[in-house]
Amino acid sequence: MKELKNKNCFITGAASGIGRSFAFSLAKQGMNLFIVDINKEGLEQVKKDIEKTGTIIHSMKCDVSKLNDIENAAKSFYSKLGDVDLLINNAGIGRSVNIANMNLKNWKKVFEVNLWSVIYSLKVFLPHMLERKSGHIVNVASGAGLFGSSEPLSYITSKFAVVGLSEGIFSLLKPYGINVSVITPALIRTNIFHSGLKSDGYNPRMLKDYGKEKLDEVYGSILDNLMSVAMSSDVAVRKYIRQIKKDQLYIFDSQGTKDIISLKGSNMKEYEEFLLNYQDMHDEGTKKHFQKYGINIEDYR
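If you read the sequence shown in my numbering, its first letter stands for residue -8, the second for the next number, and so on.
Bear in mind the hints are in silico, worked out from the structure with no lab data behind them. All values derive from a computational prediction rather than experimental measurement. All C-beta atoms in this analysis are idealised placements derived from N, C-alpha and C, irrespective of residue type, glycine included. You may find that some hints are simply not true.
Said to hold, decoys possible - For lysine-lysine, the following BS3-like pairs were computed, each having C-alpha atoms within a straight-line distance of at most 25 Å: (1) Lys249 to Lys230; (2) Lys(-4) to Lys19; (3) Lys114 to Lys39; (4) Lys237 to Lys(-2); (5) Lys52 to Lys114; (6) Lys(-7) to Lys237; (7) Lys57 to Lys19.
As the list claims (entries may be wrong) - Between beta-carbon pairs, the in silico distance windows are: (8) Leu267 to Glu122: 46 to 56 Å; (9) Glu62 to Arg123: 16 to 26 Å; (10) Asp271 to Lys205: 18 to 28 Å; (11) Arg123 to Gly159: 43 to 53 Å.
Work out the full structure: start from the sequences and follow the hints.
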């Protein structure tokens, strides 16, 4: 999709993070925008700021985990802008997960937002793209959808599914003139996991001993440290757009992610060792961080 000016784009999860950065970057390139998010206040602020540039932009509160909400947003999109040229399925959430006490409510919510929203979006928008035999679908997954990283297990699983879905439709839709890309962000400065701290996925014994406020502080501090070295979403999105214009299936922002995938395909034994070492390094870092707050996390494994 080399030319973006005067084309129409639908973006989910546009009130913050990568979705917000996409909205601003695509507005600069002359696209007409329709942005949705469950965070109405944040969404309206993005719309207000972008309108100042003279961009055609519409917004609508939408819970992407509900098919009816996406259907209503699509109807509004078609009535205001017409055909969709670029569909960006970006909305996502993270929830803390304890492997010994799997909170199925959290798992279900993560899958509803991270995976089912993409499926719903395809169900609603794809028939029109097939009729036109044109369009570009961009699914925002994660580097955590390519290897077993240190992110919450439900997040990893949902993002692996998005990657697989994207690969599957890539070859199916290409003959119809429809391109598919899947973005696999590494460490990007967003609030996705900070928001997840509001969930109740902590270890029950640790929660009983220290309370949610204390654990929110500890985990929040870990995330703050990560974000301090993370890539800006604005910088990342500029990289993504360059690769979208080249109609690439896989879109990366980190050479490190590419190297991991290369290792996975070339030497499975070394890859297994990498996964073990990666987890050990993460566990050791987490252990030291909790010790600063007077908590021996080993007592809760």
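query: Which earlier hints can't be squared with this structure?
result: As far as the earlier hints go, 3, 7, 11 are violated by this structure, in ascending order.
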